[in-house]
Amino acid sequence: MSKKAGKVKQVEQAISFGPQVKPGELVFGVAHIYASKNDTFIHVTDLTGRETISRVTGGMKVKADRDEPSPYAAMLASQDVAARCKELGITALHIKIRAMGGTRRKTFGTGGQSALRALARAGMRIGRIEDVTPIPTDSTRKRGGRRGRRL
Numbered sequence: 279m280s281k282k283a284g285k286v287k288q289v290e291q292a293i294s295f296g297p298q299v300k301p302g303e304l305v306f307g308v309a310h311i312y313a314s315k316n317d318t319f320i321h322v323t324d325l326t327g328r329e330t331i332s333r334v335t336g337g338m339k340v341k342a343d344r345d346e347p348s349p350y351a352a353m354l355a356s357q358d359v360a361a362r363c364k365e366l367g368i369t370a371l372h373i374k375i376r377a378m379g380g381t382r383r384k385t386f387g388t389g390g391q392s393a394l395r396a397l398a399r400a401g402m403r404i405g406r407i408e409d410v411t412p413i414p415t416d417s418t419r420k421r422g423g424r425r426g427r428r429l
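Using the working numbering, the final residue of the sequence shown is 429, and nothing's skipped along the way.
You can take every hint at face value.
Here are the simulated EDC-like pairs of lysine to aspartate or glutamate, each with C-alpha atoms no more than 16 Å apart in a straight line: (1) Lys374 to Glu408; (2) Lys339 to Asp317; (3) Lys315 to Asp343; (4) Lys339 to Asp358; (5) Lys341 to Asp317; (6) Lys364 to Glu303; (7) Lys384 to Asp409; (8) Lys384 to Glu408; (9) Lys315 to Asp345; (10) Lys364 to Asp324; (11) Lys384 to Asp416; (12) Lys374 to Asp324; (13) Lys374 to Asp409.
Calculated from the structure, these hints are not laboratory results.
Keep in mind it's a predicted model, so treat the numbers as computed, not measured.
Produce the complete structure using the sequences and hints provided.
Right, here's the structure in full:
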C-alpha cells in the first residue's frame, strides 16, 4: 500500500474574519480622516479605537509629492479602505474628520471632502460625521511676530 492511499483528506473549513452578525445588520467602525495641507490620512478602527482595521494615506497611492494632498489621491485611498472594511465585515462607518488645528489652520485640506464622498460612493453606510479638529481654548503665541507676516 502506498503512502498516499493511507491518508485521509481533511475538509478545510472556511475562515471568516470580523464579527459574526446576521445578514442585513450594520457593523460600525470609525473612520478617522486627517486632511492636512500636505497629505490625507484615512485610518479606520473599531468603535473603541484600539484595533486598527485599515490605514491608507494619499501618499501611498500617488508617486509625486505634490499630488499627496489632492482629492484624487484621497479618493483612491478611500476606495482601498472601503474594500478592506467590506472584506472584514464592516458595513457602516462613523466619520471623525480633522484638520491641522492648534495655532495653524482650522479648515481641513482638499482631500478631506473627497475622501468622505468616496467612502459613501464605495457602498459604506455613513453614521455620524464629527469635526474633531483640536481648537485651543488659550494657546501659545501664534507665529508671525508682533506685526504679523508682512508680504
